[in-house]
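Line order of the protein sequences matches chains A and B. For the record, in the first sequence the residue sitting at position 269 is 269 according to my numbering, with numbers rising by one throughout. For the record, in the second sequence the residue sitting at position 217 is 217 according to my numbering, with numbers rising by one throughout.
Since the hints were made in silico from the structure, they are not lab data. On a predicted model such as this, the values are computed, not experimentally measured, just so you know. Careful: at least some of the hints might be erroneous.
Identical copies look the same in the list; a pair holds intra-copy or inter-copy alike.
Within a straight-line C-alpha distance of at most 30 angstroms, the following computed DSS-like cross-link-like pairs (lysine-lysine) qualify [claimed, not checked]:
| no. | residue 1 | residue 2 |
| --- | --- | --- |
| 1 | Lys171 | Lys364 |
| 2 | Lys83 | Lys340 |
| 3 | Lys161 | Lys355 |
| 4 | Lys224 | Lys308 |
| 5 | Lys3 | Lys308 |
| 6 | Lys234 | Lys161 |
| 7 | Lys355 | Lys61 |
| 8 | Lys3 | Lys47 |
| 9 | Lys344 | Lys161 |
| 10 | Lys3 | Lys340 |
| 11 | Lys3 | Lys366 |
| 12 | Lys374 | Lys3 |
| 13 | Lys224 | Lys172 |
| 14 | Lys106 | Lys61 |
What follows is each chain in one-letter form.
There are 2 protein chains.
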Amino acid sequence: MQKVGILGGGQLGRMLLQAAANYPVETYILENDDQCPAAHLCHHFFKGDIRDYDAVYAFGKGLDALTIEIENVNVDALETLEKEGVTVIPHPSVLRTIRNKAAQKKYYTDHQIPTAEYILTHNIQELSEQAHFFPAVHKIAEGGYDGRGVQIIENEQDVAKGFDAMSVLEKKVDVAREIAMMIAIDRSGAIAIYPAVQMVFDKTLNLLDFQLCPADIEEKTYWKAEAIALSAVKNFNSPGIFAVELFVTPGGEVLVNETAPRVHNSGHHTIEAHYSSQFDMVWRILLNYPLGSTDAILPSVMLNIIGKEGYSGEAVYEGLDEMLKIENAFFHLYGKRQTKAGRKMGHVTIISNEKADLLHKANKIKHGLSVIAKE
Amino acid sequence: MQKVGILGGGQLGRMLLQAAANYPVETYILENDDQCPAAHLCHHFFKGDIRDYDAVYAFGKGLDALTIEIENVNVDALETLEKEGVTVIPHPSVLRTIRNKAAQKKYYTDHQIPTAEYILTHNIQELSEQAHFFPAVHKIAEGGYDGRGVQIIENEQDVAKGFDAMSVLEKKVDVAREIAMMIAIDRSGAIAIYPAVQMVFDKTLNLLDFQLCPADIEEKTYWKAEAIALSAVKNFNSPGIFAVELFVTPGGEVLVNETAPRVHNSGHHTIEAHYSSQFDMVWRILLNYPLGSTDAILPSVMLNIIGKEGYSGEAVYEGLDEMLKIENAFFHLYGKRQTKAGRKMGHVTIISNEKADLLHKANKIKHGLSVIAKE
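Let the hints inform the model, and build the full structure from the sequences given.
What follows is the structure in structure tokens.
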């Protein structure tokens, strides 16, 4: 059996390992938190910092293949491992480009991939000098994740919210639709594209509110989005699974927001709603099997289950019993013992041929299920 | 989080643990083989003999709930644990009845549940005296599993193949259809029934060849089968998931063949083809959540992947790459390192609205995939 390691042991690692159990593979996880969602689902758990050269190198040495569930890992160690013959998916060069938002933006413009206009700022002083560019979105170049590291700068009063570090200041785009496309590329270069999903965000937390598949967009916009997403991904020249987030403007223009070279929140619905899930697809790529089918079995909606504002402590899922009665809903609770405001604690996918049924059930769950803390 | 243990760590345990990762639960496995398919997917693995009183008692003490993936466990220990307040699903009394084929037969007749005519034999001598009852099927009362412990006695020449131990000698039934029904019962007595599946067996190995869902039987036979299966299960007065195997005679008579009080090969297709899988359902029962929906998303066919005759050693999946290209097929390989003739190494579920497509793909996989051993 091949030995395959994952850097990171959060919910993405957990779902990767659920899918791994369909294949003959020996699994390894490196993660600092030995109570993380993935810790108990692998053959070999190693406690260590995925950002540390020595920890990643020692972990990866001797494995057949390595992948990630988060970009914020030690890329130098992955480069050394790759040189020494370990298969690293995606290639470390992709991580170097993507994990730094300034480098990612440069990658898009270098390859004529449409993206929102931007300038770089290195500190708050430089940000304050760009008032002519407001309203804009300030994104810290390194270390942002899940809504952290992004600030909307409407006007000069908001400058103090910006980042006093290398950041991308992006012109605020008039967004009619926010969509995402998951794309898989195998080690021979074969490509499979999942149908686009459409997203609605929670403006306060910048977390997904719910996500509809397929996206409700015009056919010509769909083809444009697909061509742009493909171009965004193919120029990395790397196998892997990629999530490309795209903005569609009221005029039908399509812009790349950002790309993640890994399984992603935008692909969770594929577990039940598609023939080959994003997690299954990663194992096919890692184990050098052919790609799976990205076709939908049924249309779907996906919503995250997040820790309720004002609660922190041992997680309690209020309303879960009632929600579990919904016939066409699939619940995924990540087994995190502690909740806090905005923490991703799980997700639900609903599948149905009826869009009204999808939206009705999603709303029912959104209002009927709360993650609070034990008294 | 509740602490839940499973006795046994084979492929059923493996798939139970894949499903457990959708819920907040701390999982425990007791199994003698620490390289078993489920060993690495639980929070806590305990090496020990599930047939040993002390091992089972020590394992179960302190858990909130316990279940099984095989009947051949120490029932005395489970009874003690149940008395001491551990939730045991199914109730140990069910295991006592079911794991002994003579007691199981008596249970059916005691509750007027139609089953093939039978007599008990205690040794080969007694078997040889029952020639008037041949052709018959000789089933060892205790310890048979997966094709072991069952012999067809066509005539007196076959008597030597019989068992020199307490056994059931069952009149050979003229079988037009062999079907199975999975039934879930929660802790409040609520019941959910999966659609019946129809099975075709490999006559040599007595292993499932392939299984179609829904079963292709007349509606009135369907209702009769459902009523009989329900009666077979309800009289146990126990929560749990049950697989009831039934024979349909050419005249439309329905007879119970046997019942398993656990997840079962007959329910593997529910992972992808139904809203709540048999594995999901078990966690709902164990964690005291409402039952899930047993409805089919699409019709399905399931076939086992078994070790090829004549091969023994480190498993190699010949033809797997080609088979993984089949768009609507879901592969489950159990990660067993060693293959041998007839060993269950995995299964495949195919889903489609077209029965011809289901059967065509199932045959393609049956002939295109072989589990052989490394040279």
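Outcome of the hint check:
In this assembly of identical chains, Lys171 and Lys364 lie within 30 angstroms of each other by CA distance neither inside one copy nor across copies; the values are 36 angstroms within and 55 angstroms between. Taking the closest pair of Cα atoms, Lys83 and Lys340 never come within 30 angstroms of each other, the shortest separation being 41 angstroms inside a single copy and 39 angstroms across copies. Neither within a single protomer nor between protomers do Lys161 and Lys355 lie at most 30 angstroms apart by alpha-carbon distance, with minima of 39 angstroms and 60 angstroms respectively. In this assembly of identical chains, the alpha carbons of Lys224 and Lys308 never lie at most 30 angstroms apart, being 38 angstroms within a copy and 49 angstroms across copies at closest.
Proximity of Lys3 to Lys308 under the C-alpha cut-off of 30 angstroms is restricted to the inter-copy arrangement: shortest distance 25 angstroms between copies versus 39 angstroms within a copy. In this homomeric assembly, Lys234 and Lys161 never come within 30 angstroms of each other (Cα to Cα): the closest approach is 35 angstroms inside a single copy and 64 angstroms across copies. Proximity of Lys355 and Lys61 under a CA criterion of 30 angstroms is satisfied in neither setting, with 48 angstroms inside one chain copy and 48 angstroms between copies. In the homo-oligomer, the alpha carbons of Lys3 and Lys47 lie at most 30 angstroms apart both inside one protomer (17 angstroms) and across protomers (23 angstroms), since each shortest distance falls under that limit.
In the homo-oligomer, the alpha carbons of Lys344 and Lys161 lie at most 30 angstroms apart inside one protomer (24 angstroms), although the nearest pairing across protomers, at 60 angstroms, exceeds that limit. Taking the shortest Cα distances, Lys3 and Lys340 sit within 30 angstroms of each other only across copies (23 angstroms), while inside one copy they are farther apart (35 angstroms). Taking identical chains as interchangeable, the C-alpha atoms of Lys3 and Lys366 lie at most 30 angstroms apart only when they sit on different chains, with a minimum of 28 angstroms there against 40 angstroms within one chain. When the C-alpha separation of Lys374 and Lys3 is checked against a cutoff of 30 angstroms, the pair qualifies only between copies, where the shortest distance is 18 angstroms, while the shortest distance within a copy is 40 angstroms.
For the homomeric pair Lys224 and Lys172, the shortest alpha-carbon distance inside one copy (21 angstroms) is at most 30 angstroms, but the shortest distance between copies (65 angstroms) is not. When the C-alpha separation of Lys106 and Lys61 is checked against a cutoff of 30 angstroms, the pair qualifies neither within a copy, at 32 angstroms, nor between copies, at 60 angstroms.
In summary, the structure is inconsistent with hints 1, 2, 3, 4, 6, 7 and 14 from the numbered list given earlier, while agreeing with the others.
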